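Single-letter residue listing:
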Amino acid sequence: MTTTAKPAKNATTTHRSRPGVDRRPRTTEFEMLRDMTRIRRFEERCVELYSATKIRGFLHLCIGEEAIPVGVMRALTDDDAVVSTYREHGHALARGMTMGALLGEMFGKQSGCSGGRGGSMHLFDAARRFYGGNAIVGGGLPVAVGLALAEKMRGTNNVVACLFGDGAMAEGEFHESANLAALWHLPVVFFCENNLYAMGTSLAREHAQTDLALRAASYGMVAWPADGMDVLAVVDAARRAVELARSGSGPCFVELRTYRFRAHSMYDPDRYRDKAEIEQWRHRDPIPALTEKLRAAGVLSDDDLTEIEAEILTEIDKAVAEAEAAPEEPVGDLTRFVTSEPRREQ
Amino acid sequence: MTAQATAQVELTYREAMREAMREAMTRDERVFLMGEDVGRYGGCFAVSMGLLEEFGPERVRDTPLSESGFVGAGIGAALGGMRPIVEIMTVNFSLLALDQILNNAATLLHMSNGQFNVPLVIRMTTGAGRQLAAQHSHSLEGWYAHIPGLRILAPATIADARGMLWPALEDPDPVLIFEHGTLYNVSGPPPDPSISVDITSAAVRRAGRDVTIVTYGGTLSKALDAADELSAGGVEAEVIDLRVLRPLDDATLLESVTRTHRVVIVDEGWRSGSLSAEISARLVEHAFYDLDAPIERVCSAEVPMPYALHLEQAALPQQADVVAAVMRTVDSRA
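In order, the protein sequences belong to chains A and B. Positions 1 to 346 (this note's numbering) are the ones given, in order, by the first sequence. Positions 347 to 680 (this note's numbering) are the ones given, in order, by the second sequence.
Hints in this document: simulated from the structure, not taken from any laboratory. Keep in mind it's a predicted model, so treat the numbers as computed, not measured. Every residue, glycine too, gets a C-beta built ideally from N, C-alpha and C. One or more of the hints may lead you astray.
Said to hold, decoys possible - Have a look at the derived ranges for each label pair, beta carbon to beta carbon:
1. A:Gly-200 - B:Glu-648: 36 to 42 Å
2. B:Thr-372 - A:Ala-52: 55 to 61 Å
3. B:Met-673 - A:Pro-330: 32 to 38 Å
4. A:Arg-271 - B:Gly-402: 53 to 59 Å
5. A:Ala-52 - B:Asp-544: 48 to 54 Å
6. A:Arg-271 - B:Leu-411: 36 to 42 Å
7. A:Leu-183 - B:Pro-539: 34 to 40 Å
8. B:Arg-476 - A:Val-47: 57 to 63 Å
9. A:Glu-243 - B:Glu-399: 33 to 39 Å
10. B:Glu-399 - A:Phe-58: 48 to 54 Å
11. B:Asp-544 - A:Pro-330: 29 to 35 Å
Said to hold, decoys possible - Cross-link-like lysine to any residue pairs, in silico, SDA-like; alpha carbons within 25 Å at most:
12. A:Lys-152 - B:Pro-403
13. A:Lys-152 - B:Asn-531
14. A:Lys-54 - A:Lys-152
15. A:Lys-109 - B:Pro-494
16. A:Lys-152 - B:Pro-494
With the hints as extra help, turn the sequences into a complete structure.
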């Protein structure tokens, strides 16, 4: 166990590549289309598995928001750190965690990334500096600030990407964290995924000031909004933000305007949104948008799309089979890791 | 300085804690201190006085009034390879950081299947006796002792104030240190540096055969004074200082109780759902047939701590209460 795990030297290759996918050189846009589709299809399968009661508990999907994980993770290096929320399947996959590690976790198996102790909301991966799925809204923000403080004090060049939703901006922890990060010029980027709803409460019903970037800017950090439904806009904003933070000028804030096409969780009957509003946002689906763009540019064929879908299907099927076959975490290990073992040497 | 003058130099509890922090920051460059007014002000109880000047603002960090923010930042810094000491002014204020302490510090290791441990030390003042009223005076360490994943320490002596911090920093998991506010000005001879201090066991502070008084922190001195008073009347009380409130050192308690057969628990926390209740339950579970009298508890009155001196003193466990409780257990002798 370690708190400062360095990814392997070849981590980029390892965690960007997936079996059977990288057969020939592709453009960045093509890869981003594939990565978004991969998250979409994975979560669609999660819905089926939830209905089949293979996955239990809360399940929060990012369907509709895939441009954000794909765009943000591309802006980071393997040495950077990520702090995420309970709606983090996309973040985890885009960071390089395997479908098998995620599904094993959701199945409550030993093969899961958290040994079945976390479930969908609590995915962790020390090797990829993925500090979890935090299910207390706003609870990850002070931790991200502290990670950034450690990077600064240790004199590294690393940045911390902190993802959270619009609901978190009503929490005191957002304001405490923004102030502290700006006060101490810490290398953290606050990525606010504004999907317009804090569970069932709309932005306008929750915030007196709905211009989230404006509020963040009041703490003395650079803050701006970007189109979270356009992966190219996300990656551009994320790269600028990460480089700013890396340059030593302190934190910054990017409001990524997005929308979840499905309900808050599998328990949510979604009674608080207009069907028309959902339809309107579906027209801005980031996956068809990029598909059409690439088609128009003549760099994406029907065969390519078929191939992407087939490869993803194979990957999902394999991950499901692995999760099904994996042993359960032994009950005898229930109380392991309440405290560290063995005691670390100094 | 003459040898005689050297021998007379006493150390206060406050200075002992400060020395412990100075030593830790000197020994390990990953160690730093942060909290409200720990730097330029010198600490709200002057514990960190002089450390800013010695170690600089990078390692002695004044924070904004954001308990949740800076405790969470301590957790993040610990995850990121540092060894933070976070100071919270009082346990009442720590409730603003309870989310971070419970949902992150105590939970991340298990929830991540052992991937992320949190080597964080949080120090805070606890307890009453200084007429600071109901929002600065409670003893809530028992609440924290409820939480799996935390180690809870209550140094009651100069030696423990001096010696517990370093092993706490060496612990790979979060450790909370509760410093009773009435102890800071207590002074005594400097502890012998050759005697190592553990953060696992309770200590027998006074040997006795007739009754076991179990206590910790700010009420230790009251228990010892009560034991002296009882001794004059022929009752020899053993006094156990818990020192570590989680995990509890059951073995030391049981060993004593199986000899004395009588128990009085003195806890400045409220009685209901308290640490005293937990200890009482454990002794009943494991030493029921060794007990010759009902277990007695001396706790704070179940009121928010009042300001006025006479009311505050009436609300707190006192030496006379301990003596009376002991006499009830002894008088029930068959």
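task = State the violated hints by number, sorted upward, taking the hints as numbered earlier in the document.
result = 3, 13, 14, 16
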